[in-house]
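Enquirer: Chain V is fixed; fit chain E with the ligands onto it per the hints.
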Amino acid sequence: MSKTRLATAWLDGCSGCHMSFLDMDERLIELSGAFDLVYSPLVDFKTFPEAVDITLVEGAVSTTDDVEKIHLIRARTRLLVAMGDCAVTGNVPAMRNAFGPDAVLRRAYFENADLQQQTPLVVVPKLLDKVRPVHEYVSVDLYLPGCPPSAATFHAVLTELLANRMPDVASLTRFGA
Amino acid sequence: MSASVDVKTLVIDGVDVSARQDQTVLDVARENNIFIPTLCHLEGLSEVGACRLCLVEIKGSPKLFPACVLKVEEGMEVITHSERLLHYRQTILELLFAERNHVCAVCVANGNCELQTIAQSQRLTHVRLPYRNPKLPVDLSHERFAADHNRCILCTRCVRVCAEIEGAHVWDVMGRGIDSMVITDLNDPWGSSSCTRCGKCVQVCPTGALFDKSKVGVSHPKSPEFLPYLNLMREEQ
Ligand code: SF4
Ligand code: FES
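In order, the protein sequences belong to chains V and E.
Numbered according to numbering that gives the first Met the number 0, the first sequence terminates at residue 176, and the numbering increases by one at each position without gaps.
Numbered according to numbering that gives the first Met the number 0, the second sequence terminates at residue 236, and the numbering increases by one at each position without gaps.
There may be inaccurate statements among the hints.
Unchecked claim - Straight-line Cα separation of at most 20 angstroms, SDA-like style, residue types lysine to any residue; simulated pairs:
1) E:Lys134 x V:Lys45
2) E:Lys134 x V:Leu104
3) E:Lys134 x V:Pro48
4) V:Lys45 x V:Ser14
5) E:Lys212 x E:Cys197
6) V:Lys129 x E:Arg131
7) E:Lys134 x E:Cys197
8) V:Lys129 x E:Glu98
9) V:Lys2 x V:Pro48
10) E:Lys134 x V:Ser14
11) E:Lys134 x V:Asp128
12) E:Lys134 x V:Lys2
13) V:Lys129 x E:Pro129
14) E:Lys134 x V:Arg95
15) V:Lys129 x E:Leu135
These are computed hints drawn from the structure, not numbers from a lab.
Only chain V is shown next, with the shape it has when bound in the complex (with noise of 0.2 angstroms):
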């Protein structure tokens, strides 16, 4: 039987969800067997792939590049994991909802900045008004709130999708979990 073609993506999110991923430790390599990572910030390739059996996507949808790189990953992915509180819920990223990105960007660069304050225009994407879990972009096969999910839950989750059963998330992980 071919190998899993697995992919994980980073949008805006701590990387706190990668982290937890990868606390896995050995039980990591024992899944590895069934799997190619083939898409990952853990990796070095640069453009996401054709034909992704699996996707993480880590991080709620808070930028245009988020947004573009969203819709690719879907185009291109048989099952979407939203992965994490950030993913499945907007999370931390979307308290700024109540206040706005003009402020978010004020505070960061112009009231903590001491020299050269000014918004940048290029290299960091343009933050969108609001920030939005995944699903309100793309539809999304699995949720895995948790911020982040446990090691045990990223072991039971994907042990699962390797077999190609669903998970019974609710017994494992919840919001804020």
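Expert: Then chain E with the ligands, alone, in the frame of chain V:
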């Protein structure tokens, strides 16, 4: 039990149970270890039937009934869990999460919150409704306690415990519909209100909306189970 007490027999989830005629379906279910999720109900306070999480089905009726205010009847057949009920309960929870800013990861009550626990028990893994993300105040004016309106679900437990048990009626509800807010006195800061500093509202609040400032950054379990004992003690006196 005296002969004058009228006993009713009914069926809950296929189990024959007996009850006093003044009991609610929720009381009887709990006595028989049948779990019905609740948020506005709290043993020791009056019932308001506000949250609707306790909705149950009654055989022979197309309607749903809130178990916390439904009095038992002879021969009643109650169903507390079904696909239909799960659907309604999940939807209610989704509305609660979408209405304000419940960011569980950074809540003082994370791990000790009834809303969070019930969401998991009802198998809620995401919210299908768009989040409103309203801008809401946090009242830090009180020397010991704080009110974070981002996390209030308007269960009115604080209002009832303050009026019915403490007898102070500092808390109440202001506004209509989605603009409703719990307030202290006539929407005065909590710190300069007529609050007696008893802390009962903090203990009964099911979420991180009302909290003890000294518990920020540490675990903040709530202990609302003092209420029935307090009531019992007062009745004895
Ligand atoms: S502050 Fe707490 S107890 Fe009071 S209505 Fe809101 S959620 Fe309920
Ligand atoms: S517990 Fe019955 S309506 Fe809230």
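Enquirer: Return the numbers of the hints above that this structure violates; sort them in rising order.
Expert: 1, 3, 7, 10, 12
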